[in-house]
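Those protein sequences? They're chains A and B, same order as listed.
Counting in my numbering, the first sequence runs without a single skipped number right up to 520 at its last residue.
Counting in my numbering, the second sequence runs without a single skipped number right up to 1287 at its last residue.
Treat the hints as calculated values from the structure; they're not laboratory data.
Do not rely on the hints blindly, as some may be mistaken.
Unchecked claim - Pulled from the structure, derived: some chain B residues nowhere near chain A, Cβ distances all over 10 Å:
1) 1004
2) 1032
3) 1105
4) 1191
5) 1194
6) 1199
7) 1213
Stated by the list, open to error - 27 Å max Cα-Cα, derived DSSO-like pairs, lysine-lysine:
8) A:434 x A:447
9) B:1034 x A:406
10) A:267 x A:97
11) A:142 x B:1195
12) B:1060 x A:122
13) A:213 x A:223
14) A:346 x A:336
15) B:1195 x B:1060
16) A:122 x B:1044
17) A:223 x A:97
18) B:1034 x A:434
19) B:1195 x A:204
20) B:1060 x B:1044
21) A:434 x A:450
22) A:450 x A:463
23) A:406 x A:389
24) A:447 x A:336
25) B:1195 x A:122
26) A:463 x A:447
27) A:447 x A:406
28) A:204 x A:223
29) A:223 x A:336
30) A:389 x A:344
31) B:1060 x A:204
Please read these numbers as outputs of a predicted model, since none were measured by experiment.
All C-beta atoms in this analysis are idealised placements derived from N, C-alpha and C, irrespective of residue type, glycine included.
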Amino acid sequence: MHTRRYSFVALAVMVACTGGESSPARRSLIDSRDTYDPRSLDPALSTDVPTGRAVGYVFDGLVRFTPDAQIVPGLAREWTVSPDGLTYTFHLRTGVKFQDGRPFVAHNVTASFQRALDPATKGGRGWPLYPIAGAKDYADGKASSVSGMTTPNDSTVVIRLTEPFAIFPKLLAMPVASIVPDSVPANFGEHPIGTGPWKFVEWKHDDYLLFAKNAGYWDTPPKSDSLRARIIPEPSTAVAEFESGNVDVLYVPEGETRNWEETDDKKAMLETAPALRVFYIAINTTRGPLSDPRVRQALNYATDAAGILEGIVSGRGNLAAGVIPPSLAGSDTTRKRYPHDVAKAKQLLAAAGHPTGIDVELWSSQTPPFPRIAQTVQANLAEAGVRVKIVQRDASSMREAARSGKTDMALKDWYADYPDAEDFLYPLLHSANKGVGGNVSFYSNPKFDKLVSDARREQDEAKRVSMYRDADQMAYDDAPMIYLFFYKELYAVQPWITGFVVPSIFTGQRWTDVQITRHP
Amino acid sequence: MIVVFLLLYVAPGDPVQDMVGERADAETIARLRKDLHLDEPLPKQFILYAGGVLRGDLGKSYITQRPIIEDIRERFPKTLLLAGTAMLLASILGITIGVLSSRNPGGWFDRLSLGFAYLGISFPVYWVGLILILIFAVTLHWLPPSGYGGIKYLVLPALALGSRSIAFLARVTRSAMLDVLGGDFVRTARAKGLKERSVIMRHALRNALIPIVTVLGLDFGYYLTGSILTETIFSWPGIGRYVVNAIARRDLPAINGSVLFLSVVFVLVNLITDLAYAKADPRVAFN
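Whole structure, please, built from the sequences with the hints as guidance.
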């Protein structure tokens, strides 16, 4: 009897001790956003989101992104471009040290780029550096060095491009262009050393990554002493960790959006930012009736994109009428998406010679929310007489099938690697990128190609933006995809956290201004 | 091993495309395929791989470039710890509940435990896991919701993983005990004037052990390989999640290596179960 009473008291005490809103005793910042183990912490291998994020903590590039996806100087103080747009001269910061004490000099820049391109590194992500003269040849093993990079002195790097490419500096803010020290050891991916705001401490695979403040950081050092990036594969678990106060920020799962928006104390913690991410269905423009633009427009008319946006992702986004997200220059926000108009769809199909409708396969991965979107599209298209067979495969199989042109339609999303309309128009729709490059619509329109290629070379910002807008309109009229929506990030941030801004681009938040503030 | 190897190479999906990510170029893909010998004919790929395995080399992950054997060495002990704890919990709780229900078949405890057993067997493990998190972590704050660390991190995942076994073992123990308790030797033991406790523990339970050991042995294999959901729900860094990630990314050496390793473990567990029979019942000899 005695012990029973004791345990009852203990229980009551435990329950009493569980306050909800008070700030935690810990001082370390804890992130919950990674859902799988990073591939490596070696910048040259950064092909996935967790890797890119971690690389951004430990390393610097010549430039970097702010949370709202603006580009600002990093290890380069400033840069100049020659009038022909071919030569970039980067003036580097002096007195910067790597975390092991070695000084950062111009030679590190060229060596880092060369290493990322080196076939022996087997990184597989050389393309952001391909605009550099000789980079592609080097990556393909046809040259012994990259011809387009020189270092006149320790604080200057001169980079020559194969052709003018006005947004080139944006590509240098990608993780793969981070600067690494000389003589990198074989286990660099497990023990990275950079010049960044956080020093790597430890990595427990599938568990967490731990970083400590780099007190000697050349820019303002982080306000907190340490940062732990936990790897939590199950979104519901991340929510439970957040509600228990064990993590500081949370991606609110799509399925929980309403719950959070409609509960007052939860709503107060929500923060949002437009994501550079588009959901769409690539229509393979080379297959059967889908080669007719009228058929593809009909598919757009028949799809109730607004219903999908509202019903499946809880209204988290804006309807897409083009591929350029509304937060990027070149987006035409006055353009209205094809309205949901079944009669119009039927009429277009009949005009294209398919009065009895068509049969198509729609491929989708098994990752939420894709299967539900696919089912809704199937039901929408059925109303217009389009008989859709859904083929559901794991992401890897589906990607391979779409890239090799075996899919009629493929339900996909696309995240920007750098904040520019070019990162949507060029990979998704330019004929140079058919298949593995990202254009799984196999869209090929010489006029569109020329416009996008010219825009890449155009130095005048205003002109370039207007070319993007025209190109987007041109493709939109050809309808090489069913346009769905642009996604909006929804985060929950604990009330004790200050300085966290939701990033529009995944490498845009380095936690340097973030800290836990204590309320008395 | 051959079957797994063939299945993987026949399955759709391309490891190299998973390596390079969303935007890629054909030359890079071709070069990486060559580097990884993926352009060689299948028999040659298999010989290359089998040769490595015979030398004790499971190869390196295509994706992370880390040696597979190190990845397994880091993760398997954690799965073993989770599975072992789940089994320990299952045997203690399951056998106790089973023995207690057999004492008074049809009584309130028996009926209550039957109810829980049905629930335990019917609920999927991820559901049990989420409910446990909701009750003991989010609401009561007694235990952390997920992660790897000391014993407090172990309780919930072990309970979730063991929940099916607790229920199952309780039923198996109960029926085995009821069979045995009707036996002549139990009447004899009672007639000798032994205490009821001694009758149950030393005479009856011992004779009921064979079916219990069988269930435990089978379940342990299931724990090791079937802990994937539990590890995912509780962010437990074990081998189950490793295999799932490897499959999602078509990391062929990682899948081959871990499946091979788990097969060996499975065989070992079955062997140990068979040996345990002999310990539980001297009539089972193994010569």
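Quick rundown of the hints versus the structure:
no.: 1; hint: 1004; in the structure: holds (17 Å)
no.: 2; hint: 1032; in the structure: violated (6 Å)
no.: 3; hint: 1105; in the structure: holds (27 Å)
no.: 4; hint: 1191; in the structure: holds (35 Å)
no.: 5; hint: 1194; in the structure: holds (29 Å)
no.: 6; hint: 1199; in the structure: holds (27 Å)
no.: 7; hint: 1213; in the structure: holds (33 Å)
no.: 8; hint: A:434 x A:447; in the structure: holds (16 Å)
no.: 9; hint: B:1034 x A:406; in the structure: holds (24 Å)
no.: 10; hint: A:267 x A:97; in the structure: violated (43 Å)
no.: 11; hint: A:142 x B:1195; in the structure: violated (88 Å)
no.: 12; hint: B:1060 x A:122; in the structure: holds (13 Å)
no.: 13; hint: A:213 x A:223; in the structure: holds (8 Å)
no.: 14; hint: A:346 x A:336; in the structure: holds (20 Å)
no.: 15; hint: B:1195 x B:1060; in the structure: violated (61 Å)
no.: 16; hint: A:122 x B:1044; in the structure: holds (22 Å)
no.: 17; hint: A:223 x A:97; in the structure: holds (20 Å)
no.: 18; hint: B:1034 x A:434; in the structure: holds (22 Å)
no.: 19; hint: B:1195 x A:204; in the structure: violated (53 Å)
no.: 20; hint: B:1060 x B:1044; in the structure: holds (18 Å)
no.: 21; hint: A:434 x A:450; in the structure: holds (15 Å)
no.: 22; hint: A:450 x A:463; in the structure: holds (15 Å)
no.: 23; hint: A:406 x A:389; in the structure: holds (14 Å)
no.: 24; hint: A:447 x A:336; in the structure: holds (23 Å)
no.: 25; hint: B:1195 x A:122; in the structure: violated (72 Å)
no.: 26; hint: A:463 x A:447; in the structure: holds (17 Å)
no.: 27; hint: A:447 x A:406; in the structure: holds (26 Å)
no.: 28; hint: A:204 x A:223; in the structure: holds (24 Å)
no.: 29; hint: A:223 x A:336; in the structure: violated (44 Å)
no.: 30; hint: A:389 x A:344; in the structure: holds (22 Å)
no.: 31; hint: B:1060 x A:204; in the structure: holds (19 Å)
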